[in-house]
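*Asks:* From first to last, the protein sequence lines are chains A and B.
Going by this note's numbering, the first sequence opens with residue 1, and the numbers climb by one from there.
Going by this note's numbering, the second sequence opens with residue 1, and the numbers climb by one from there.
These aren't lab readings, by the way, just hints derived from the structure by calculation.
Glycine is no exception: its CB is placed at the ideal position from the N, C-alpha and C atoms.
Don't take every hint at face value.
Subject to a maximum C-alpha distance of 20 Å in a straight line, what follows is the list of computed DMTMM-like cross-link-like pairs (lysine to aspartate or glutamate) [said to hold, decoys possible]:
1. 4(A) / 591(B)
2. 146(A) / 157(A)
3. 546(B) / 591(A)
4. 252(A) / 203(A)
5. 76(A) / 96(A)
6. 318(A) / 423(B)
Which residues of chain B face chain A? A few of them, derived with a C-beta cut under 8 Å, are [to be verified]:
7. 165
8. 237
9. 238
10. 241
11. 425
12. 541
13. 571
14. 572
15. 585
Protein chains: 2
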Amino acid sequence: MAYKAPIRDMQFIYDEVLNIDQYSDLGTFAEATKETRDVILEEMAKFCEQVLAPLNHVGDTEGCVRNDDGSVTTPKGFKEAYQQYCEAAWPTIGAEPEFGGQGLPHVLTLSLQEMASSANMAWAMYPGLTHGAYSALLTHGSDELKAIYLPKMVSGEWTGTMNLTEPHCGTDLGLLRTKAENNGDGSYNITGQKIFISAGEHDMSENIIHLVLARIAGAPEGTKGISLFVVPKFLVNKDGSLGARNPATCGKIEEKMGIHGNSTCVMNYDSAKGWLVGEENKGLNAMFVMMNVARLGVGLQGLCQSETSYQNAVIYAKDRLQMRSLTGPKNPTGPADPIIVHPDVRRMLMDAKAINEGARCFLYWTALYGDLMHVSNDEAVKTKANDYMALLTPVLKGYITDKGFENAVNGQQIYGGHGFIEEWGMSQYVRDARIAMIYEGANGVQALDLVGRKLAQNGGRAVQSFFGEIDAFVKANSENAELAPYIKGLKTSKDSLMAATMWLMQNGMVNFDNAGAASTNYMHLFGICGLSYMWTLMAKIALEKKGSEPFYDTKLKTATYFMERIVPDCAAHLAKIQTGATSMMALSADEF
Amino acid sequence: MAYKAPIRDMQFIYDEVLNIDQYSDLGTFAEATKETRDVILEEMAKFCEQVLAPLNHVGDTEGCVRNDDGSVTTPKGFKEAYQQYCEAAWPTIGAEPEFGGQGLPHVLTLSLQEMASSANMAWAMYPGLTHGAYSALLTHGSDELKAIYLPKMVSGEWTGTMNLTEPHCGTDLGLLRTKAENNGDGSYNITGQKIFISAGEHDMSENIIHLVLARIAGAPEGTKGISLFVVPKFLVNKDGSLGARNPATCGKIEEKMGIHGNSTCVMNYDSAKGWLVGEENKGLNAMFVMMNVARLGVGLQGLCQSETSYQNAVIYAKDRLQMRSLTGPKNPTGPADPIIVHPDVRRMLMDAKAINEGARCFLYWTALYGDLMHVSNDEAVKTKANDYMALLTPVLKGYITDKGFENAVNGQQIYGGHGFIEEWGMSQYVRDARIAMIYEGANGVQALDLVGRKLAQNGGRAVQSFFGEIDAFVKANSENAELAPYIKGLKTSKDSLMAATMWLMQNGMVNFDNAGAASTNYMHLFGICGLSYMWTLMAKIALEKKGSEPFYDTKLKTATYFMERIVPDCAAHLAKIQTGATSMMALSADEF
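Just chain A, with the same shape it has in the complex (with noise of 0.2 Å):
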């Protein structure tokens, strides 16, 4: 299957609605040129298309394979895909310049990810997964522990996991039975099962550096009992170079829906050698910073395996001939018109296409605000991002993963029969896309996040930040008649999320399950206001643009669609919302 990366549309983005060279001045900004950003696109483009796109139907078919010994064998060619990009520098480029990195700002590695996920989703977790653990060590790891890990996953030659869930546990991490004992040494031993372990073990990098959440002997019970550890694959002698092997082992490979290109690990660990990361009993903070990166990337995902489907789709429907155009033959001399003409394919390309380009804009605009939040000078500006990043983290997953998937749908369908073939790939893309909607957080957890802490923290200030931009903004534009048709359908979208958040407040403090039951429907309503601002963004460059490019014709016709067909939704999600919860409610569990 093809993969062409949307280059224009992320230089549009960044160039245009976000103007990163306005920030050209802060810290890790200056080296972020045009020039430079340019450049990186177009490299990585040419990775992604030419080296992991081939390999994504290969890595489906193939699978990872856990040997006798328990080593796990990855499906041909993602080893070598990955020594091609550890050589090429990739994994340095958004990295802190102390451990190597090239120190670049995180709202431009975002377009990398993007790119390797959309082309094969299954092997950039394996870069993504070590980008999250580096992460976590950067924010909490002693100096000890960064000099000894972040150099070598910075460069890639070790990778990182992720480990959090148990059998009985997922979500509910305050149950987690994992121990750690103190050695007394400085180093603990740990022992228990995690299960879901993306890349967990496999034969792509030298060492993998686990991130294991356990609790300590003697710890208080829940989450206030619960430590974050990292534990090597290999231990690391104080030389660098690896000695002893650590029985942090696979047990076993799951076998998935999709994304069958990871090696999805059963992970055993006993008795072995983990080293505190941050404090005793602080484990979830600690995991809460990969966790919000991990987030990001997830929803990020959700737009990736959109993107390829509906790449792939409008191939097909450009080639397909089946039936006559309702207005007229449309491809006389051919024996029929290609589906591309049909309405209710248009329908299914035009949805994926204007979420696809507004998701795109609110995953990098956020990822911006990630930057400012460290580099800007401005305390007002660090206060808001860091408000915009806690409130549109579980929206930005949320929302996008279930479009994302509904997307990866509509592409299969344009295939007919044939998208329910595997050969032709568009299956992969459905199966690959559905587990987005589940990891990091399911769903309906990013939904009550989103109502049930982020909206009140602080009073509500994020959420109060983000109406008065909008309001700004449309107040700022008023008298741009153009503009016009564009910001009706932001105050629409706007004002239902106003009003649902009215609703919420006078309801859901009364009946928490009134804030429960409208969860899901919220963090909908809030993904479509927040595509609506972005869709005005691009809109009022695309207006003033308009003439001198065909992409910005396409663009204003893409934001017309938007506001026609996928606003109207706003008012269905606030109704629902606005009947609470008592229906939802009603049933005993044995009535089920």
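Place chain B on chain A using the hints.
*Replies:* Chain B alone, transformed into the frame defined by chain A:
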């Protein structure tokens, strides 16, 4: 995975909602007494729960294997289950007594199909396709052909298939190339390749009766030159014994996303002997008989995977302990509460429950008209029945398979990470359910059939009749205060559907693309309206009997949920429809 036939719900529909007993003076209904119905339901339930359900996962993991000699081996246990099914005379239930059937009404066989397909969709397709082929032969075959083939198809000794699709055409059958040459002795030689042929070759029956669309040499181009042929795997001697092997062979088994237990074959016809069914060049008419039967059956499959996924999600939601209820512990002595206490889990369960029970009622209610069309003595009823079958078939197929897939995905979601692991079985329901949106006319084709053909037939008589029935019901029950909240929901959805219908009348003819652009939303709106009506009918009975059995109270709560949480989608569908085709069709092909 478990499956428990929802017998009480089926009885509720047959006995109370449809009140089948009122038709006992009408032909085949005489035999369909309450006692007979109950025995059939209970016996079939046992077979499906105990024999078919345990084979479902086996079918998924083993799949079908094409052997070197072209024969196909079905998964372990499939053949034996089929033998048991035939020995118990299940295939005869709904068939004509003239050919060995028991002649019970079709509406009654629907529940048997439902149970089989819920327990094991891939297996149920073998007898399901036989039923479709039987119907086409019964309606259009000559007496001679009927005498040769039907008795053995009724007994189940022979199975049937439908051969429409070719590599370059599925929806657009006018393009088909398979040739038929007249041998001058009443037989034809059929040559060509068909793809996606479900149950095309297998080891479950001694003969396979293929119904094949082909073009007789010299026939007109397009759909007006297509004829239907019966092509047996083994020729049948005068005495009914099997003769020579016909060169109708399986060239390949497709690797599919789901329904692995059904053999989806590439069928090669290499001068295979066939006999004309119906008139020359009128093959599509004959095939439509089969397709309408099949489409109702596919709508049912949507319900079935939704139902089984739901049932297993309920089991897990009651068992899995994770987090505490938002309103305080519900399982204080346990380490956490069962996840069924969480509103967002409820949302997914209630969505499925409300749609499943509404869809079941809508399917059975429509199938009853299918029977009345044949047996009623009242011309007005026959006309209405004919109209409803034509109008509602695409709605049932498209809406219920779309929603059924969504519900299957939600059932999987409730399992969290375990839902993604094949061992747990929830992935299979999703993968199996996916095909129902595609085959027998992709759902977009159903939607176009609805707005482009069915709505306008006989000057819109069918839809007016449907609206008239709802209006009369609303009027007749306007004094029923307890029913008022349900009537309100029904009116909302009916008013939206009416407004959409008016819009289509005014705008669909001016620009056919407006009809195409509205089609899928219109189909969904129609589905919601149909289910609203069903839920109001069910609520009326439940109100009359509430308190006598907890079943009725649960029905009322579920009806309320449907009105509050599903009906609000109507407004979104209507708003989207009313935007027309402009933004959907705005892009030129190269702008995608």
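*Asks:* Confirm or reject each hint.
*Replies:* To see whether the hints hold, each was checked on the structure:
1. Among the hinted pairs, residue 4(A) with residue 591(B) is consistent with the structure: their alpha-carbon atoms are about 14 Å apart, no more than 20 Å.
2. Distance restraint check for residue 146(A) and residue 157(A): the Cα-Cα separation of roughly 15 Å lies within the 20 Å cut-off, and the hinted pair is therefore satisfied.
3. Between residue 546(B) and residue 591(A) the CA atoms are separated by roughly 14 Å; this keeps the pair inside 20 Å, and the hint holds.
4. Distance hint between residue 252(A) and residue 203(A) is fulfilled; the C-alpha atoms sit about 15 Å from each other, no more than 20 Å.
5. The straight-line distance between the Cα atoms of residue 76(A) and residue 96(A) is roughly 32 Å, outside the 20 Å bound, and the hint therefore fails.
6. Simply put, residue 318(A) and residue 423(B) have alpha-carbon atoms about 39 Å apart, too far for the 20 Å limit, and the pair is violated.
7. Against a cut-off of 8 Å between C-beta atoms, the interface hint on residue 165(B) holds, since the closest Cβ of chain A lies about 6 Å away.
8. Taking 8 Å as the C-beta contact cut-off toward chain A, the hint placing residue 237(B) at the interface is violated, the least distance being around 36 Å.
9. The criterion of a C-beta within 8 Å of any C-beta in chain A is not met by residue 238(B), whose closest approach is roughly 38 Å, and the hint is violated.
10. Violation of the interface hint for residue 241(B) is found here, the shortest Cβ-Cβ separation to chain A being roughly 36 Å, above the 8 Å cut-off.
11. The beta carbon of residue 425(B) comes no nearer than 11 Å to any beta carbon in chain A, farther than 8 Å, and the hint placing it at the interface is violated.
12. Below 8 Å, beta-carbon pairs count as interface contacts, and residue 541(B) has none with chain A, the closest being about 18 Å; its hint is therefore violated.
13. Look at residue 571(B): its Cβ gets to within about 5 Å of chain A, closer than 8 Å, so that hint holds up.
14. At about 4 Å, the closest approach between the beta carbon of residue 572(B) and any beta carbon in chain A falls short of 8 Å, and the interface hint on this residue holds.
15. The beta carbon of residue 585(B) comes within 6 Å of a beta carbon in chain A, closer than 8 Å, and the hint placing it at the interface holds.
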